[in-house]
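Listed in order, the protein sequences are those of chains A and B.
Just so you know, we're using the numbering used here here: the first sequence kicks off at 162 and counts up by one.
Just so you know, we're using the numbering used here here: the second sequence kicks off at 853 and counts up by one.
Think of the hints as simulated: they come from the structure by calculation, not from any bench.
All residues carry an ideal CB built from backbone N, CA and C; glycine is no exception.
A few of these clues could be false.
[Stated by the list, open to error] Here are the simulated EDC-like cross-link-like pairs (lysine to aspartate or glutamate), alpha carbons at most 16 angstroms apart as the crow flies:
(1) A/300 with A/386
(2) A/208 with A/255
(3) A/613 with A/577
(4) A/512 with A/502
(5) B/864 with B/1001
(6) B/1092 with A/408
(7) A/613 with A/564
(8) B/864 with B/996
(9) B/874 with A/368
(10) A/427 with B/891
(11) B/1094 with A/193
(12) B/874 with A/386
(13) B/1023 with B/996
(14) B/874 with A/381
(15) B/1115 with A/408
(16) B/893 with A/408
(17) A/427 with B/892
(18) B/893 with A/434
(19) A/362 with A/292
(20) A/166 with A/193
[To be verified] These stretches of chain A come out as covered by chain B in the derived footprint (C-beta under 8 angstroms, 3 or more residues):
(21) 327–341
(22) 365–373
(23) 394–405
(24) 417–424
(25) 431–444
One-letter residues, chain by chain:
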Amino acid sequence: MDVMKKVPVREQDAKVRAKNFEEVCLGYNKEEAMEEAIRCLNCKNAKCVVGCPVSIDIPGFIQEVKAGNIEEAAKIIGKSSALPAVCGRVCPQETQCEGVCIRGIKGEPVSIGKLERFVADWSRENNIEPEAPKPLNGKKVAVIGSGPAGLTCAGDLAKEGYDVTIFEALHEPGGVLVYGIPEFRLPKDTVVKHEIDNVKKLGVKIETNVVIGKSTTIDELLNEEGFDAVFIGSGAGLPKFMGIPGENANGVFSANEYLTRNNLMKAFMHGYDTPILAGQKVAVVGGGNVAMDAARTALRLGAEVHIVYRRSEEELPARVEEVHHAKEEGIIFDLLTNPIEILVNENGWVKGMKCVKMELGEPDASGRRRPFEVKDSEFVIELDTVIMSLGTSPNPLISSTTDGLEVNKWQCIVADEEHGKTTKEGVYAGGDAVTGAATVILAMEAGKIGAKGIMEFLENK
Amino acid sequence: MYKIVKAEELAKNIYLMEVEAKRVAHSCKPGQFVIVKLDEKGERIPLTICDYDREAGTITIVFQTLGASTQRMAELNVGDSFRDFSGPLGCPSEFLDESIEELKGKKMLFVAGGVGTAPVYPQVKWLHENGIEADVIVGSKSKDMLILEKEMKAVAGNLYITTDDGSYERKGLVTDVIKDLVENQGKKYDVVVAIGPMIMMKFVSLLTKELGLHTIVSLNPIMVDGTGMCGACRVTVDGKVKFACVDGPEFDGHLINFDEAMKRQQMYKSDEGRAILKLQEGDTHHGGCGECGGDE
Ligand SMILES: Cc1cc2nc3c(=O)[nH]c(=O)nc-3n(C[C@H](O)[C@H](O)[C@H](O)COP(=O)(O)OP(=O)(O)OC[C@H]3O[C@@H](n4cnc5c(N)ncnc54)[C@H](O)[C@@H]3O)c2cc1C
Ligand SMILES: Cc1cc2nc3c(=O)[nH]c(=O)nc-3n(C[C@H](O)[C@H](O)[C@H](O)COP(=O)(O)OP(=O)(O)OC[C@H]3O[C@@H](n4cnc5c(N)ncnc54)[C@H](O)[C@@H]3O)c2cc1C
Ligand code: SF4
Ligand code: SF4
Ligand code: FES
Chain A
162 MDVMKKVPVR
172 EQDAKVRAKN
182 FEEVCLGYNK
192 EEAMEEAIRC
202 LNCKNAKCVV
212 GCPVSIDIPG
222 FIQEVKAGNI
232 EEAAKIIGKS
242 SALPAVCGRV
252 CPQETQCEGV
262 CIRGIKGEPV
272 SIGKLERFVA
282 DWSRENNIEP
292 EAPKPLNGKK
302 VAVIGSGPAG
312 LTCAGDLAKE
322 GYDVTIFEAL
332 HEPGGVLVYG
342 IPEFRLPKDT
352 VVKHEIDNVK
362 KLGVKIETNV
372 VIGKSTTIDE
382 LLNEEGFDAV
392 FIGSGAGLPK
402 FMGIPGENAN
412 GVFSANEYLT
422 RNNLMKAFMH
432 GYDTPILAGQ
442 KVAVVGGGNV
452 AMDAARTALR
462 LGAEVHIVYR
472 RSEEELPARV
482 EEVHHAKEEG
492 IIFDLLTNPI
502 EILVNENGWV
512 KGMKCVKMEL
522 GEPDASGRRR
532 PFEVKDSEFV
542 IELDTVIMSL
552 GTSPNPLISS
562 TTDGLEVNKW
572 QCIVADEEHG
582 KTTKEGVYAG
592 GDAVTGAATV
602 ILAMEAGKIG
612 AKGIMEFLEN
622 K
Chain B
853 MYKIVKAEEL
863 AKNIYLMEVE
873 AKRVAHSCKP
883 GQFVIVKLDE
893 KGERIPLTIC
903 DYDREAGTIT
913 IVFQTLGAST
923 QRMAELNVGD
933 SFRDFSGPLG
943 CPSEFLDESI
953 EELKGKKMLF
963 VAGGVGTAPV
973 YPQVKWLHEN
983 GIEADVIVGS
993 KSKDMLILEK
1003 EMKAVAGNLY
1013 ITTDDGSYER
1023 KGLVTDVIKD
1033 LVENQGKKYD
1043 VVVAIGPMIM
1053 MKFVSLLTKE
1063 LGLHTIVSLN
1073 PIMVDGTGMC
1083 GACRVTVDGK
1093 VKFACVDGPE
1103 FDGHLINFDE
1113 AMKRQQMYKS
1123 DEGRAILKLQ
1133 EGDTHHGGCG
1143 ECGGDE
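When you get a sec, could you build the whole thing from the sequences and use the hints?
Written out as structure tokens, the structure is:
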């Protein structure tokens, strides 16, 4: 074994997986995990822990894996994270825990994410129950949204004896974990549902089909329904469009719609009623994780798929692993390309997309080189489906119906970083609703901070 | 689970159901809608709130069978349940922003087409309960497709009924009645509210624009989440893109790009699907105005 290299992880073959929705990465088994664990140096001053937004005791759990005590390892992770099977799969580890791993200075970093995933999967398969919560303390907290921020906040509060109810607008809890991230990266029925069930086992109640701001309001929750505090984890679900001609044609979707039809509504599965127009030749506009997910979904539904992105490969905001997987599966990358018009046939359907070639200039404020149009470079791509994946912003539904809740100019809820405290007393917020679209683990961190802030507030009340 | 406490067939292929949904009944207002989901595998189906009982905690919906989901819904009986029932969604009707005094000074005309009669009813009823009598035109394909006549009569000022085939009351389209009222009978209206098939709302809006009558319509584009998350429901209003589920569903009829909206509504209607529908449903109509193209 080469200690400089990660124990390789088994994956579904690219040709096979391009035609199914089963998970791409198969994960470690116990032998592989124990072997990988040996590579950890058990650093005294473990940098990896600092790199993890929820500060999992990484060397601690890895040493248990090394010794084969997986249940102990699960307990250590459980102290810091309520969703390890999720994070082990979708965290951008390369820029977090693994990005600063000491092992990574000379060779490859320890495969922390895959080890975490193994521990979580093993606990699920072996029915390891989460630790019991403290007895109820008589205080009621409402959590809005059941994405990673809301689930984490609810779980942390319930552990300490708070009586927590999550209100979720959709018919299934999980937020982006169920409606956005596809099955082939994050299995719903096994992984996501199980982790949500664990939160429920702590006594958290989840009321679905409740749209805060419509079904009821934060003020009503506080003043009429007897909640002592509220945490807002409502995400950043509002999709952006480009504003180019033809964008309302039949066959143009937001990535959210395309993914929701397929993931939440299970359009890809036989027997489910919700339809999806898969498309024969699809362009996905954008270069982030969401774009990769939409592209790989369309591919699996049988389309030829192009990613159309206005900068170069280096600037792609998606995780390296996702880009790599997408390429392996046969996604075509049309880089340095920007759409300027969607061409529509006489029946209102997409028939093509007019694009221009781009070139990169000097770095802009974000540090990325700014793209500019190459003169007279217009050309047309023929296609029948366009999926816009240009980012999302927070939905104003809650802020516009809550007195005294301040938002910034991007509609993000204003909340302080230490406690998640908003401008309204007793109301805390975190996750994408505050930061704009970010990551699962940052949303979880914000959920933790919010829970702590709420506990402090209610203890001193 | 949301229990069905009343289920009735109002006319051929048009069903009324009263469903227990406490939160929705507590906070809904006229003009809003719900999204229902039959079971695990069902679609999310948007339906206008047709009536509500705050004390009993129930919501009344009226729907027409169209595709697989609404047909499956029609098979439900009292005691059965919907798995999901979410709402109220969308914005309440515009007139709720005005004071009763202001409204009393206005003359309103409601125009309902087919199953659109159901969502018009709570608005007229609300006005009636507040001492305001609005005129109502109901258009139906034929006598046996007409719904809620008795209920509407009880709350409307003047009620004008018209059928496409002349099998009951007047013969003709709702637009013929509007023209007649305004041009021949000298009626004056400050605002028209039209709800029905998209094509009916389009032609009503074209006519009222000519007549200079402010017009509100309630759009029913294809939706998925109903909370502003997917953009499936986008419509162009006054040249700007709006999401009907959160910015509407009611809009100024004179500003809507109806042709685009109608094309978008057909998005999942493949030629083959259309053929199957025709086969299954024969000549049943998808609206009530005779022009909606639902049975083409
Ligand atoms: C397709 C896709 C792929 C992604 N891939 C990755 C990845 O690989 N790695 C990663 O780290 N991150 C990824 N992300 C980002 C990550 O999923 C989000 O940053 C994270 O889910 C944010 O969590 P949250 O709890 O703040 O909000 P969300 O997960 O958005 O959850 C918010 C919840 O609140 C509900 N809600 C909203 N408004 C209301 C209301 N008014 N009343 C009641 N409920 C309401 C919503 O329905 C939703 O369920 C991806 C995102 C997408 C869309
Ligand atoms: C805000 C709103 C309020 C509505 N209120 C009512 C109501 O009170 N009563 C009622 O009967 N219907 C109402 N509708 C329409 C209703 O939602 C559709 O008829 C229903 O979703 C069709 O479902 P289906 O599965 O039976 O048909 P599908 O199989 O989905 O559709 C059959 C065909 O109908 C078309 N279609 C799909 N969705 C819609 C739609 N939203 N509107 C029109 N045509 C559509 C498609 O082209 C499709 O091919 C409303 C829609 C909206 C958006
Ligand atoms: S939660 Fe994410 S960042 Fe933290 S250890 Fe796990 S994979 Fe790394
Ligand atoms: S930094 Fe790397 S090697 Fe050191 S403890 Fe963390 S995982 Fe192990
Ligand atoms: S239905 Fe999804 S945004 Fe309106």
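Tested hints:
no.	hint	in the structure
1	A/300 with A/386	holds, 12 angstroms
2	A/208 with A/255	holds, 13 angstroms
3	A/613 with A/577	holds, 13 angstroms
4	A/512 with A/502	holds, 11 angstroms
5	B/864 with B/1001	holds, 15 angstroms
6	B/1092 with A/408	holds, 12 angstroms
7	A/613 with A/564	violated, 24 angstroms
8	B/864 with B/996	holds, 7 angstroms
9	B/874 with A/368	holds, 13 angstroms
10	A/427 with B/891	holds, 13 angstroms
11	B/1094 with A/193	violated, 52 angstroms
12	B/874 with A/386	holds, 14 angstroms
13	B/1023 with B/996	holds, 14 angstroms
14	B/874 with A/381	holds, 15 angstroms
15	B/1115 with A/408	holds, 13 angstroms
16	B/893 with A/408	violated, 30 angstroms
17	A/427 with B/892	holds, 10 angstroms
18	B/893 with A/434	holds, 6 angstroms
19	A/362 with A/292	holds, 9 angstroms
20	A/166 with A/193	holds, 13 angstroms
21	327–341	holds (count 4)
22	365–373	holds (count 4)
23	394–405	holds (count 5)
24	417–424	holds (count 4)
25	431–444	holds (count 6)
In terms of the numbered hints stated before, the structure departs from hints 7, 11, 16, listed from lowest to highest.
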